[in-house]
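Input sequences plus hints: build the corresponding full structure.
Protein chains in written order, with our numbering: chain A, 1 to 324; chain B, 1 to 519; chain C, 1 to 288.
Be aware that a few hints might be false.
[Claimed, not checked] Derived DSBU-like pairs: lysine-lysine, alpha-carbon spacing no greater than 35 angstroms straight-line:
| hint | chain 1 | residue 1 | chain 2 | residue 2 |
| --- | --- | --- | --- | --- |
| 1 | C | K186 | B | K310 |
| 2 | B | K337 | C | K162 |
| 3 | C | K186 | B | K410 |
| 4 | B | K310 | B | K290 |
| 5 | B | K337 | B | K191 |
| 6 | A | K77 | A | K270 |
| 7 | A | K28 | C | K186 |
| 8 | B | K379 | C | K162 |
| 9 | C | K162 | A | K108 |
| 10 | B | K337 | C | K186 |
| 11 | C | K117 | A | K108 |
| 12 | B | K290 | C | K186 |
| 13 | B | K410 | B | K379 |
| 14 | B | K191 | A | K108 |
| 15 | B | K379 | C | K186 |
| 16 | A | K270 | C | K162 |
| 17 | B | K67 | A | K173 |
| 18 | A | K145 | A | K77 |
| 19 | B | K67 | A | K108 |
| 20 | B | K410 | A | K108 |
| 21 | B | K310 | A | K173 |
| 22 | B | K379 | A | K108 |
| 23 | B | K410 | C | K117 |
| 24 | A | K173 | B | K123 |
| 25 | B | K238 | B | K310 |
| 26 | A | K173 | B | K379 |
Keep in mind that the hints were calculated from the coordinates and are not lab data. All values derive from a computational prediction rather than experimental measurement.
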Amino acid sequence: MKRGTQVAAFALLLALLVVLPRFVSSYKLLTYTRFLILALMAQGWNFIGGYTGYAAFGNVAYFGIGAYTTGLLMIGKWHVPFFPALAAGALLSALVAILLGLPILRLKGHYFAIATLGVAEALSQVADTWDSVTDGSTGIDLPLKTEGEFFYYTALALVIGGLALTWAFSRSKLGNGCVAIREDQDAARMLGINTTFFKVIAYALSAVFAALAGGLTAYQNIHVTPGDFFRIDYTLQMIIATIIGGAGTVLGPVLGAAVYQLLSTYVWSKFLELHPTVLGLIIVLFIVFLPRGLMTVLARKRQRGERPFRMSDLLANVRAHRVT
Amino acid sequence: MSALPSPVRRIPGDSILEARGITKRFGGLAAVDGIDLTIRRGEILGVIGPNGAGKTTFVNCMTGLDKPTAGTIVFNGQDITKTPSYRIGRLGMARTFQVVKPLRQLTVRENVATGAMFGARGKGRSAAQARHEADEVLERVGLAEMRGRTATELTILDLKRLELAKALAMDPQLLFLDEVMAGLNQSEIEKAMELILSINRSGVTLFVIEHVMKAIMGISDRLVVLHYGRKIAEGNPKDIVESPAVIEAYLGERYAHRTQAAGDVNAPIEPGTSLKAPPAPAGDTLLEVKGLASGYGEVQILRDVSLEVKDREVVALIGANGAGKTTLLWTISQLLKPMGGSVRFAGRDITAARPEEVVGAGVVHVPQGRRLFAGLTVKENLMQGVYLRRDAERIEQDFERVFSLLPRLKERAGQLAGRLSGGEQQMCAIGRGLMSRPRLLLIDELSLGLAPLVVDSLLDLITEINREGTTVLLVEQDVQVALEHAHRGYVLETGRIVQTGSAAELLDDPRIRQAYLGL
Amino acid sequence: MGGAELGQIFVNALLLSGILALVALGFSLVWGIMNIVNLAHGAFIVLGAYITFFLHELLGVDPFLSIPIAMLALFTLGWGIQLGLINQVIRAPLLATFLLTFGLELLIVNLINYFFKADLRSVTTAYSGTGFTLGPVRVPYIRLGALAVSLVLVAGLAWYLKMTRVGRAIRATGMDLDAARLTGVKVATIYAATFAIGAGMAGAAGSLLSMIVPFDPTLGGTYTQRAFAICVLGGLGNVANVVIGAAIFAFVDVFVGARLPSLSRAVTFGILVLLLILRPQGIAGKTV
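Pasting the structure below:
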């Protein structure tokens with residue numbers, strides 16, 4: 001597809017998304033909103049996991065921080081309106097990410113992953129125990145808002161903003177620096193890149209996106225408990241969505257979120273009881289056949305001018321990664 | 001004789017870098033021990049020394065990758081002892097890594113642009129301007145055509161050029177080069193020397209670590225010799241090379257003679273440097289390679305290789321890096337699948353065999369870079385060589401044989417292989433290969449990274465092994481030493497065999513002498 | 001706290017460390033040799049527990065005697081999973097195997113949940129609950145037996161890796177894959193053996209756990225996390241390191257569990273993170 005066609009296609013898609021609420025039931029709209037919120041989280045994770053190559057496994061922590069901050073500010077004595085509360089949640093998350101990131105980002109690979117996991121677990125327990133503020137496992141209740149369109153459009157706006165930000169990031173020195181860190185951190189340092197600074201920024205960005213998603217979900221769900229909001233499922237969803245779509249690309253997270261949501265909804269409706277099993281199976285199959293995600297396959301195809309997707313490509317993928 | 005450009009001897013100016021009392025300890029071991037060094041602005045400082053002498057560690061200390069345990073570093077009058085490595089890059093120092101570190105998934109252009117973005121002049125450049133700057137650097141280094149290729153698609157030669165380009169893009173005043181010439185053939189070395197000299201002419205001070213003596217002699221204004229972490233000599237290159245201390249520690253007598261003879265087309269082959277192997281035995285063909293094609297993924301390296309190795313011979317395979325010598329060995333041992341052609345061993349077709357079948361048939365590959373099991377002891381490494389064998393009694397005999405051939409290994413039998421010196425590791429790798437009871441031993445680049453003295457003794461060892469009955473196919477970048485120990489030789493160029501003959505013929509062949517020996 | 005309480009904690013921790021060592025060892029073998037963080041390790045543990053449970057319920061097999069059976073079953077399953085599934089992606093980016101094993105864990109645990117429901121089960125025998133007392137401290141026989149079995153298995157594995165041909169090949173393959181092949185090693189087979197041994201160890205741990213704690217399909221998850229933490233603590237270098245790490249972790253876990261039960265996971269992880277920051281190579285020093 002040429003550049004022009006691409007832009008036109010994109011604009012069309014955007015237009016469709018904007019008018020969508022008029023054509024679907026409010027139940028369906030919920031699903032689309034869920035897709036957008038997942039896309040938002042995935043976009044955030046993409047900064048640290050995709051571009052910088054640091055597989056953070058605990059970003060649900062910031063989802064939770066965003067949820068609780070937004071909620072507590074809204075129901076607290078100042079009755080802060082939603083958007084400022086949401087922004088505050090994002091800001092607080094960024095600060096926590098910077099504080100935690102400074103020591104933790106010195107770790108590498110699996111070590112880093114488990115440290116972030118530990119952070120999420122710890123925060124979950126803190127939220128549970130800090131009764132005086134969070135009401136422990138009982139949770140808090142946000143003010144009621146039932147207009148599904150509000151959440152849909154807010155999420156849509158945030159995702160579009162995320163796309164713009166990711167695009168600018170990928171072309172900036174910051175983005176280039178992060179990619180260099182991912183490819184070879186020692187080489188990156190020798191080239192003059194302040195790796196600590198760049199990593200922390202990428203991590204803070206991922207926290208902001210997770211917090212925005214968390215605050216929005218909190219408002220939508222009304223009831224916030226540690227058990228619901230600090231689940232590892234959220235982390236896994238955002239990671240899988242990014243990987244499926246293509247980590248380190250601009251459109252990847254959104255594409256992956258769409259695919260994941262589609263699969264999840266389909267599986268839910270058909271296999272209610274075995275839902276996690278089937279989802280697990282689908283994840284396994286995806287990883288085996290498309291370990292680098294959809295975007296890279298499509299991009300490579302475009303480079304060579306071939307038609308997208310043949311079975312032989314999938315099989316070639318398997319052969320390339322096998323060991324004999 | 002190809003004309004070597006006489007280096008424009010710059011009159012060195014003030015000191016650009018002053019290092020005083022640099023010491024770096026790792027645990028109890030001092031890799032660098034109290035080195036004082038001044039680098040003068042505008043000069044090319046050559047640094048030589050045996051493996052493990054501390055050359056790379058010294059560079060790491062200068063560039064901030066390692067913090068020195070003691071000592072001070074002053075760069076352009078500024079104390080940078082405690083400065084973090086990324087800031088040192090911005091101040092005007094750059095380096096290449098001995099084991100190249102490309103940004104693998106990025107294109108050549110993006111790799112170099114990264115250097116331009118964050119180097120000494122990076123602050124003022126936008127990402128787009130950096131990419132433009134990268135194009136200029138790529139022209140200079142000769143990588144302009146490869147600019148759109150991903151780093152993973154490059155040959156080792158181009159990767160070294162890329163490494164240099166990345167460093168150049170940082171607009172350094174002082175550039176550290178760490179063994180950039182390893183594995184290059186004669187004409188490539190000359191091109192590299194020209195490039196380095198032109199970089200120097202444009203105003204960059206250079207600190208060059210090398211094992212390729214001819215190159216370092218040809219470009220250095222001054223020479224420094226490191227040994228066991230200390231500076232043992234410093235001064236004029238010609239004087240250094242003749243100094244007895246340096247010869248004893250590093251060069252070996254024979255090599256010193258070769259270096260002196262370099263540059264004179266009519267120089268007679270010195271006694272002690274002539275062919276040493278006994279006359280070729282008339283044996284049956286043991287290994288037969290016909291029309292072999294092979295490569296990595298989409299990159300084809302071998303196009304049409306045909307050669308044969310007769311029983312009880314030592315055959316040398318020489319050629320430039322990137323010609324495919326190592327690829328050939330990996331293909332014979334089946335860690336790389338052939339794309340075409342055939343390989344027969346002892347009458348059996350092994351073209352489609354599995355690696356373990358090849359080993360079982362008696363073809364043992366001693367790979368480039370030693371590749372020992374670092375966490376196993378020397379004895380355990382040897383025992384792993386016995387993996388496929390079940391004849392316990394003969395295994396015991398083989399242990400004794402290997403230990404008598406390589407007494408150093410016996411001394412160190414209980415030590416972890418990762419702790420041995422370079423030469424000892426090579427011995428251990430050969431020993432491990434011998435334990436598999438090979439009929440044919442494939443040896444890949446024995447000399448890489450080893451001091452000439454050590455290389456000579458290892459090749460004498462190979463001759464000994466051959467005399468006891470093992471056939472050897474020797475891949476070597478040190479052409480002279482390889483041909484001196486072989487019966488026959490093949491020359492590989494860009495994936496094809498272009499010449500063959502007895503070792504004596506090849507050593508006398510003027511084309512070979514010019515291309516590979518610089519004589 | 002009183003001496004009796006301290007003593008009991010000490011004994012509990014000691015007895016727990018055996019099982020933790022078993023769990024962590026299988027996990028660390030697969031991680032160290034194949035560079036795979038097997039998130040499905042917990043599923044193997046659960047399977048071991050259920051096998052022992054059903055052998056006891058339906059056939060009256062003494063749980064200690066069912067351990068070899070469970071180990072064999074998990075060994076075979078592990079071999080199959082490695083050859084059939086994990087082997088296909090072993091050269092893919094690191095996160096891929098992470099997610100693959102996660103998907104597997106999801107799949108297996110949920111299947112178990114579907115077929116056996118989420119009821120808590122436990123293996124009770126005539127001798128469950130019996131024990132002896134050492135002053136103010138109680139030592140249950142079953143836990144003591146579990147410790148003994150664990151130590152035997154751990155020592156057995158250590159011996160196997162150090163002394164046998166295949167054990168050495170496993171270690172060599174973990175250090176340099178290509179060099180190992182050049183000595184004739186068939187890597188797919190060695191990897192399968194490694195993964196199978198890891199699964200077998202997990203199965204044994206599950207069998208032992210079924211006698212000690214009430215379990216349901218979610219039993220494995222927390223043990224995978226603990227195995228991870230132990231490997232980080234002890235390093236991946238060798239058996240001794242993992243055992244030391246397991247012992248230390250057991251003590252911290254039990255101690256924190258006794259004093260701060262509601263924040264136990266937070267505190268344990270906090271300590272782990274702190275440790276990682278101060279000493280990324282783990283306590284014993286060998287880097288992952």
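Outcome of the hint check:
A C-alpha spacing of about 29 angstroms is found between K186/C and K310/B, which places the hinted pair at or below 35 angstroms, so the restraint holds. Between the alpha carbons of K337/B and K162/C the distance comes to roughly 33 angstroms, so the proposed pair stays at or under 35 angstroms and holds. For the hint linking K186/C to K410/B, the alpha-carbon distance of about 29 angstroms falls within 35 angstroms, and the restraint holds. Of the supplied pair hints, the one linking K310/B and K290/B holds, its CA atoms being roughly 15 angstroms apart against a limit of 35 angstroms.
A distance of roughly 34 angstroms separates the Cα atoms of K337/B and K191/B; the hinted pair therefore holds under the 35 angstroms criterion. A threshold of 35 angstroms between alpha carbons decides the hint, and for K77/A with K270/A the separation of about 46 angstroms lies outside it, so the pair is violated. With a C-alpha separation of about 53 angstroms, the suggested pairing of K28/A with K186/C is violated against the 35 angstroms cut-off. For the suggested pair K379/B and K162/C, the alpha carbons sit about 12 angstroms apart, so the restraint of at most 35 angstroms is met.
A C-alpha spacing of about 29 angstroms is found between K162/C and K108/A, which places the hinted pair at or below 35 angstroms, so the restraint holds. For a cut-off of 35 angstroms, the pair hint linking K337/B to K186/C stands: about 15 angstroms separates their Cα positions. The straight-line distance between the Cα atoms of K117/C and K108/A is roughly 39 angstroms, outside the 35 angstroms bound, and the hint therefore fails. Between K290/B and K186/C, the direct Cα distance comes to roughly 27 angstroms. Compliance with the 35 angstroms bound is thereby established for this hinted pair.
Taking the CA atoms of K410/B and K379/B, the gap is near 8 angstroms; set against the 35 angstroms cutoff, the hint holds. For the proposed pair K191/B and K108/A, the alpha carbon gap of about 40 angstroms is over 35 angstroms, so the pair is violated. Proposed proximity of K379/B and K186/C is supported: the alpha carbons are some 21 angstroms apart, at most 35 angstroms. The suggested pairing of K270/A with K162/C is violated, with an alpha-carbon distance near 51 angstroms, which exceeds 35 angstroms.
Distance hint between K67/B and K173/A is fulfilled; the C-alpha atoms sit about 28 angstroms from each other, no more than 35 angstroms. With a C-alpha separation of about 19 angstroms, the suggested pairing of K145/A with K77/A holds against the 35 angstroms cut-off. Proposed proximity of K67/B and K108/A is supported: the alpha carbons are some 20 angstroms apart, at most 35 angstroms. The straight-line distance between the Cα atoms of K410/B and K108/A is roughly 39 angstroms, outside the 35 angstroms bound, and the hint therefore fails.
Our distance criterion of 35 angstroms between C-alpha atoms is broken by K310/B and K173/A, whose separation comes to about 59 angstroms. Distance restraint check for K379/B and K108/A: the Cα-Cα separation of roughly 33 angstroms lies within the 35 angstroms cut-off, and the hinted pair is therefore satisfied. The straight-line distance between the Cα atoms of K410/B and K117/C is roughly 61 angstroms, outside the 35 angstroms bound, and the hint therefore fails. For the proposed pair K173/A and K123/B, the alpha carbon gap of about 10 angstroms is at most 35 angstroms, so the pair holds.
Between K238/B and K310/B, the direct Cα distance comes to roughly 43 angstroms. Violation of the 35 angstroms bound is thereby established for this hinted pair. Between K173/A and K379/B the alpha-carbon distance is near 51 angstroms, which puts this suggested pair outside the 35 angstroms criterion.
The structure is inconsistent with the numbered hints 6, 7, 11, 14, 16, 20, 21, 23, 25 and 26, although it conforms to all the rest.
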